[in-house]
Amino acid sequence: MSETQPEQNLPAQAAAPASQPVFARTEGMWSRGSGDTSGYGGLTRELVMPGRSEGPFGEPFDGIHARALELIPALADARVLVDRGELTIYVPREQLLDVVRQFRDDAHLRFEVCVSVSGVHYPQEKGAELHAVYHLLSYTHNRRVRLEVSCPEEDPHIPSVVATYPMVDYHEREAWDMFGIVFDGHPSLTRILMPDDWKGHPQRKDYPLGGVDVEYKGAKVPAPDNRRDYS
Amino acid sequence: MSTHAATEDVFAGSEDDKADRVYLAQGGDWSDIASEQAERGDETIVVNMGPQHPSTHGVLRLLLEMDGETVTSIRPGIGFLHTGIEKNMEYKTWTQGVTYVTRMDYVAPLFNEAVYCLAVEKLLGITDDVPERASIIRVLVMELNRIASHLVAMGTGGMEIGALTVMTVAFREREMILDFLEGLSGLRMNHAYIRPGGVANDLPEDGLSHLRTVIDWLKKHLPEYAIFCN
Chain A
1 MSETQPEQNL PAQAAAPASQ PVFARTEGMW SRGSGDTSGY GGLTRELVMP
51 GRSEGPFGEP FDGIHARALE LIPALADARV LVDRGELTIY VPREQLLDVV
101 RQFRDDAHLR FEVCVSVSGV HYPQEKGAEL HAVYHLLSYT HNRRVRLEVS
151 CPEEDPHIPS VVATYPMVDY HEREAWDMFG IVFDGHPSLT RILMPDDWKG
201 HPQRKDYPLG GVDVEYKGAK VPAPDNRRDY S
Chain B
1001 MSTHAATEDV FAGSEDDKAD RVYLAQGGDW SDIASEQAER GDETIVVNMG
1051 PQHPSTHGVL RLLLEMDGET VTSIRPGIGF LHTGIEKNME YKTWTQGVTY
1101 VTRMDYVAPL FNEAVYCLAV EKLLGITDDV PERASIIRVL VMELNRIASH
1151 LVAMGTGGME IGALTVMTVA FREREMILDF LEGLSGLRMN HAYIRPGGVA
1201 NDLPEDGLSH LRTVIDWLKK HLPEYAIFCN
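These protein sequence lines are chains A and B, in that order. Position 19 of the first sequence, counted from 1, bears residue number 19 in the numbering used here, the numbering being contiguous throughout. Counting from 1 along the second sequence, just add 1000 to a position and that's the residue number in the numbering used here.
Here chain A stands alone, though its shape is the one from the complex (with noise of 0.2 Å):
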């Protein structure tokens, strides 16, 4: 036991290297301000995002690219990522509808379905906080790959590609609904889940998890914790 190196009794360390920007720190086990009695506390750990690939990628993930690029050029700068085995390409929302209608129609791309469109927000990521991500299935050759488009939140705006694919139109909704992501085109761009009425969007970062007061027809009722005086 004497050889043992103090390190070893620690936990591993992700060395983040310097292509990947840091995007949060937290500490502790959760990061959130709440009462920590975990003995976590002086944990502190920094959250990256991976970076970008270079090729090659390993096939089918190369044939896609270049097929990609052969047909829309445009996207030769385009952040490529391949990690844990998912191919993902991070559009520009201009080429976006070009690149749909090139996946899906294309013999060698094929994608005939898009599976899900989901929101993700990153207030830290300044100039792209909202992203609209795509998962596209080919049936023919059995295989997905994943498009990744982002906006800023001032100007939250993405082509939609009900058009293209017609299945995403409650995908895009939704997004909408729950991220303020606008879809240019979409042939009813209503809220899907919560009332028509409602104000914000419900799974930005910076919405409050409870604690909303919820109003129907001019009467108010407050939020759970607010309720009730339990002192």
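What the hints contain is simulated information worked out from the structure, not anything from laboratory work. Some clues are possibly wrong.
[Stated by the list, open to error] Restricting the straight-line Cα-Cα distance to at most 25 Å, the calculated cross-link-like pairs of lysine to any residue (SDA-like) are:
id, chain 1, residue 1, chain 2, residue 2
1, A, 199, B, 1013
2, B, 1018, A, 141
3, B, 1122, A, 212
4, B, 1122, A, 190
5, B, 1122, A, 22
6, B, 1087, A, 56
7, A, 199, B, 1016
8, B, 1122, A, 47
9, B, 1087, A, 153
10, B, 1087, A, 212
11, B, 1220, B, 1164
12, A, 205, B, 1083
13, A, 199, B, 1077
14, B, 1122, A, 57
15, B, 1122, A, 220
16, B, 1092, A, 189
17, B, 1122, A, 214
18, B, 1122, A, 79
19, A, 205, B, 1088
20, B, 1087, A, 79
21, B, 1092, A, 226
22, A, 205, B, 1230
23, A, 126, B, 1090
24, B, 1087, A, 189
25, B, 1018, A, 195
26, B, 1092, A, 49
27, B, 1122, A, 56
28, B, 1087, A, 148
29, B, 1122, A, 26
30, A, 220, B, 1008
[Claimed, not checked] Which residues of chain A face chain B? A few of them, derived with a C-beta cut under 10 Å, are:
id, residue
31, 107
32, 110
33, 170
34, 190
35, 191
36, 193
37, 195
38, 199
39, 203
40, 221
From a predicted model like this one, the values you see are computed outputs, not experimental measurements. The beta-carbon is built from N, C-alpha and C at its ideal position, and this holds for glycine as well.
Take the given structure of chain A and dock chain B to it, following the hints.
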């Protein structure tokens, strides 16, 4: 002014725009309502179906635009069952998250847990560290959950066409499976049994013998369904 329609919009809040005409649910003589509609020449009626209509299986609201008896447009309100699970889990640890995802679909909770845990394991890079025994137990409980879930589908399907007994026997068989899952995890449903890295606990001592009695029971009773349905 008739009793079933009002020119003053009593439903509008103080800040809402007033509608020019609202319909009330006080009832009235059907021929009066029909003749009044004929005079008005306005054939389109907006019907608010739900949010708690008995045939909707869960809370669904449909806004129907009707031309006579033909539905010309429909707008579903699907948000009544939304519970903000994603938002809640921003404030939880990976392990605590299982408690939430198991409630996403209460007839197939173990599948929700399994896909969530597989994703978390992939994110943390610990997929290969999951013990083989835990993986096998995961598959075992998922298969049992699948049978239980299909029994609910079949039973309620029978109920829909008037075969109520199919429902009662299907729920009886399902309860046998839930008994096993309760012995395993402590809960009939919403088990939170599959956890990132494995499962919450090993099979109980009498687990496999209990499972064999469940399977014997199912083998005996599942053939009844064809008789009930055909």
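Hints and how they fare:
1. A:199 with B:1013: 16 Å, holds
2. B:1018 with A:141: 55 Å, violated
3. B:1122 with A:212: It is violated: about 35 Å lies between the C-alpha atoms, which goes past 25 Å.
4. B:1122 with A:190: 35 Å, violated
5. B:1122 with A:22: 21 Å, holds
6. B:1087 with A:56: 37 Å, violated
7. A:199 with B:1016: OK: residue 199 of chain A and residue 1016 of chain B at ~15 Å, within 25 Å.
8. B:1122 with A:47: Distance ~17 Å between residue 1122 of chain B and residue 47 of chain A Cα, so the pair holds.
9. B:1087 with A:153: Between residue 1087 of chain B and residue 153 of chain A the Cα gap is close to 19 Å, so the pair holds against 25 Å.
10. B:1087 with A:212: 13 Å, holds
11. B:1220 with B:1164: This hinted pair holds, its Cα atoms lying about 20 Å apart.
12. A:205 with B:1083: Since the Cα atoms of residue 205 of chain A and residue 1083 of chain B sit roughly 17 Å apart, the hinted pair holds (cutoff 25 Å).
13. A:199 with B:1077: 17 Å, holds
14. B:1122 with A:57: 19 Å, holds
15. B:1122 with A:220: Distance ~44 Å between residue 1122 of chain B and residue 220 of chain A Cα, so the pair is violated.
16. B:1092 with A:189: With a Cα-Cα distance of about 31 Å, the restraint between residue 1092 of chain B and residue 189 of chain A is violated, given a limit of 25 Å.
17. B:1122 with A:214: 38 Å, violated
18. B:1122 with A:79: 22 Å, holds
19. A:205 with B:1088: 11 Å, holds
20. B:1087 with A:79: 28 Å, violated
21. B:1092 with A:226: The hint holds at about 23 Å.
22. A:205 with B:1230: Measuring from Cα to Cα gives roughly 54 Å; hence the hint is violated.
23. A:126 with B:1090: With Cα atoms ~21 Å apart, residue 126 of chain A and residue 1090 of chain B stay inside 25 Å; holds.
24. B:1087 with A:189: 22 Å, holds
25. B:1018 with A:195: Given that 25 Å is the threshold and the Cα spacing comes to 18 Å, the pair holds.
26. B:1092 with A:49: Measuring from Cα to Cα gives roughly 20 Å; hence the hint holds.
27. B:1122 with A:56: Status holds; Cα separation ~22 Å.
28. B:1087 with A:148: 21 Å, holds
29. B:1122 with A:26: Status holds; Cα separation ~21 Å.
30. A:220 with B:1008: Distance ~23 Å between residue 220 of chain A and residue 1008 of chain B Cα, so the pair holds.
31. 107: 31 Å, violated
32. 110: 26 Å, violated
33. 170: 8 Å, holds
34. 190: 8 Å, holds
35. 191: With a minimum Cβ separation of about 8 Å from chain B (threshold 10 Å), the hint on residue 191 of chain A holds.
36. 193: This interface hint holds because 3 Å falls under the 10 Å limit.
37. 195: 8 Å, holds
38. 199: 12 Å, violated
39. 203: 6 Å, holds
40. 221: 14 Å, violated
When each numbered hint is compared with the structure, violations occur for hints 2, 3, 4, 6, 15, 16, 17, 20, 22, 31, 32, 38, 40.
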